[in-house]
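Asker: Top to bottom, those sequences are chains A and B.
To get the numbering used here, take the position in the first sequence, counting from 1, and add 2.
To get the numbering used here, take the position in the second sequence, counting from 1, and add 865.
If you're looking for bench data, these hints aren't it; they were derived computationally from the structure.
Don't be surprised by glycine CBs; every beta carbon is placed ideally from N, CA and C.
Keep in mind that the hints are not guaranteed to be accurate.
Listed next, the in silico DSS-like pairs over lysine-lysine satisfying Cα-Cα at most 27 Å (straight line) [unchecked claim]:
| # | chain 1 | residue 1 | chain 2 | residue 2 |
| --- | --- | --- | --- | --- |
| 1 | B | Lys-1124 | A | Lys-288 |
| 2 | A | Lys-45 | A | Lys-7 |
| 3 | B | Lys-1124 | A | Lys-46 |
Covered stretches of chain A (in silico footprint by chain B; criterion: 3 or more residues with CB under 8 Å from a CB of chain B, positions within the stretch not fixed) [claimed, not checked]:
| # | stretch |
| --- | --- |
| 4 | 31 to 39 |
| 5 | 285 to 292 |
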Amino acid sequence: MKMGKSVREAFGLALAKLGEANPDIVVVDGDVHNSTRTEHFAKKFPERFFNVGIAESNLVGIGGGLASSGKRVWLASFAAFVMCNAYDQLRMSVAFPCLDVKVVGTHAGISIGEDGPSQMGIEDVGLACSLPNFTVVVPADEPSTHKAVEALNQMKTPAYLRAGRPNVPVLYDNGCDFKLGKAIQLRPGKDLTIIANGLMVAAALEAAGQLAAKGIDARVLDMHTVKPCDDAAIRAAAVETSRIVVAEEHLLHGGLGSVVTMSAARQHPVPMRFVGLKDTFAESGKPEELLEKYGLTAKDIVHAALELMSR
Amino acid sequence: MTSAHRADLEAKAKRIRRHIITSTTAAGSGHPTSSMSAVEIAVALYFGGVLRYDPINPAWPQRDRFLLSKGHAAPLLYAVLAEAGYFSPDLVPTLRQIGSPLEGHPNMRRLPGVEASTGSLGQGLSIGVGMALAAKLDKSPARVYVVTGDGEIGEGQVWEAAMSASKYKLDNLVAIVDQNGYQQTGPTAEVLDLRPLVPRFEAFGWSAQEINGHDLGEVLAALKKAQQTKGRPSALIARTIKGYPIQNLLTSDPNHHGKPLTKEEADQALAQIG
Ligand SMILES: Cc1ncc(C[n+]2csc(CCOP(=O)(O)OP(=O)(O)O)c2C)c(N)n1
Ligand SMILES: [Mg+2]
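All chains should be built: construct the whole structure from the sequences, respecting the hints.
Answerer: Right, dumping it as structure tokens:
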């Protein structure tokens, strides 16, 4: 797999492009546009860009006001700060009035590395899913992020887009059939299904390769939209492969695993395993070291899959 | 201050700056310039006879508290705590490595002497208010010192804390704003200009003074004055230079926010610091 840009960079470029055909789009920043990459938009459309300083709850409230006045708002900060510091504002000034505000949380997950736990959004997906009216998207690579940004722009309701910091492999080199709420099957399989999003999709593909060498045929789904999740794909996985492993760079509580479990339990319960962050903060370190130490690698997916197969 | 005492403090400041530069350059990430602007503030507190602390007994209930609300200046805190004897200076080069308690931002559960886990800006002053209230309840002489950034005070929570501090007349609480004129994306004058800060704090019921944050004598005198101020909290607005005293090496980007120096820049900086 060839390396591509980070999801945050892809988001920043896609947003700047969106600005051309959409004069109503405004962007709000909290002193981090060089990190979230909204600086691409800021450079092109300075009059439609507002840097409100280090003040996330204010940032979100201002976004709500702009949207109530007919603007199409994109706002971005670190996932940890925009979701955790401004949650009540997201709830009352965006979700409840169901406004056209797209919230982007960058530096999500533990793969930010050395900056450590205070900067790592590890609960952001769970928080976003707990906001009624919100669509929640976790893209895995550069091409699918472009598609996600375009798709979210077609909607007038609120959404959360999660973006990681590191450069990630390109999964959709030959185009990406991206539809919100519709999982993408990256690999067919009949023995079990690995459902992943974000950084863990590449790990899932790698794991599927290793499992194939052991004679296990793993299906891989990129569940980029966590809410609404693709019930049909989950049902098909449960019925056709009878085992599911969910992998995400997020706390196990409240993230993709919870959502997939609820869907499977409702439709066709099957044995499942979960790869994610286990009720703990991480620490500082190199991204690869942290992913290894906290159990977020292809090896961990393989391990979970083998455990399911041996049941 | 005697000249011998001043020379002593200046030597400490130099050693701390060397730690900051070498540890962040070795780590390949971190915030050296944010750390450098607050060196004299921390040196005055820890080594100028202001803070009452005991590195052998870091949990001593009556100790004074130092809170680094601008947690990204962690390399400064680690260098100071090492120099103060909380742990060996040999730990300083492990900054940001996996397994090291010297995380990218301070983690109070992993390192003695760290009073608050910070890194999400805007929270330190509220924690400081809580500690100052607890000291009053316990009739403890403990005093609380909180260092914030000048960008950080854009967080509304800082001003909520400021209101609580004056409501409860917390004269055992001192806020020190490291006014280095820059935040992450540019000069505070362009991003969010809150100056002049003295009348702003005064309007919130605080006693406030503006000082040269690199002049140890001025910092110490202001801290002494704060100690004598009764019935309300004190704010020190410390005018500083981000990256001081190697700002001449940062001409292409005087903010140089959140980036270590390259090996060559670090060597130059160390030579200049002496
Ligand atoms: C709540 C929150 N928002 C954003 C950030 C990202 N961030 C880290 S440092 C920084 C700039 C801080 O500027 P200032 O307070 O002036 O400190 P300086 O580095 O200049 O000392 C920002 C925005 C953060 N750490 N916490
Ligand atoms: Mg500053």
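Asker: Indicate, hint by hint, whether the structure satisfies it.
Answerer: Going through the hints against the structure:
no.: 1; hint: B:Lys-1124 - A:Lys-288; verdict: holds, 16 Å
no.: 2; hint: A:Lys-45 - A:Lys-7; verdict: holds, 19 Å
no.: 3; hint: B:Lys-1124 - A:Lys-46; verdict: holds, 25 Å
no.: 4; hint: 31 to 39; verdict: holds (count 6)
no.: 5; hint: 285 to 292; verdict: holds (count 6)
When each numbered hint is compared with the structure, no violation occurs for any of them.
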